[in-house]
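Listed below, chain by chain, are the residues.
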Amino acid sequence: SQQGEEDPQALSIQEGENATMNCSYKTSINNLQWYRQNSGRGLVHLILIRSNEREKHSGRLRVTLDTSKKSSSLLITASRAADTASYFCATDGEGTSYGKLTFGQGTILTVHP
Amino acid sequence: KAGVTQTPRYLIKTRGQQVTLSCSPISGHRSVSWYQQTPGQGLQFLFEYFSETQRNKGNFPGRFSGRQFSNSRSEMNVSTLELGDSALYLCASSFRGGEAKNIQYFGAGTRLSVL
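Going line by line, the protein sequences match chains A and B. For the first sequence, the numbering used here assigns the number 1 to the initial residue and increments by one for each residue that follows. For the second sequence, the numbering used here assigns the number 1 to the initial residue and increments by one for each residue that follows.
Bear in mind the hints are in silico, worked out from the structure with no lab data behind them. One thing to keep in mind: the hints can contain errors.
Quick list of simulated restraints, FRET-style, between CB atoms [what the hints assert, rightly or not]: (1) Ile-12(B) / Lys-69(A): 43 to 53 Å; (2) Thr-14(B) / Glu-53(A): 32 to 42 Å; (3) Asn-18(A) / Arg-15(B): 26 to 36 Å; (4) Pro-39(B) / Val-44(A): 31 to 41 Å; (5) Gln-9(A) / Gly-84(B): 17 to 27 Å.
Glycine included, C-beta positions come from ideal geometry on N, C-alpha and C.
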């Protein structure tokens with residue numbers, strides 16, 4: 001079963017706008033990651049935030065983590081048509097061995113040129 | 001450095017048959033994980049192999065099995081295929097240590113259609 005839910009399920013914006021996606025999870029975690037998937041292909045790692053971190057930046061990406069609410073958000077600033085993809089959060093639970101990630105249901109982002 | 005390679009890319013099988021999927025991890029990565037992706041259930045963890053041993057297993061029936069070889073290449077096998085096994089099967093490798101903790105690198109997937 002999925003760890004949690006992502007919100008919104010689909011997001012449609014214009015190029016240059018910001019896109020914000022939210023993720024909730026159910027159990028205690030070690031880390032939370034965000035991945036991107038283009039058209040049913042493999043996933044690409046975007047960013048990792050540790051459970052003791054609250055915010056992290058990487059280029060146009062900003063991730064926040066609120067462990068008290070068991071939630072995270074991914075902000076993509078100044079979006080481009082090439083950002084069109086599905087975005088997933090993934091967690092590895094506390095005490096879980098390496099190799100097992102639990103994914104959210106994903107947000108489908110469409111950026112119109 | 002070559003990425004994760006999955007073969008074949010596409011497979012069509014009929015109910016009752018069995019199938020073997022292959023995954024070659026990034027050089028130096030010793031952990032290989034497998035996931036099933038379907039529109040209804042999303043991404044679900046199947047199992048993980050490290051040093052030729054299964055370290056973690058998801059909630060899938062025993063028809064789903066895997067193995068890992070000494071060169072870290074991995075295979076997964078699905079026996080007695082059912083229509084519901086139609087999915088994108090993704091393999092991911094990871095370094096399993098240091099700052100790269102559990103960051104996984106995915107292959108392009110094998111699209112399995114069961115008729």
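Quick one: which hint numbers does this structure break? Sort them smallest to largest. Numbers 2, 3, 4 - these are the hints that the structure violates, sorted from lowest upward.
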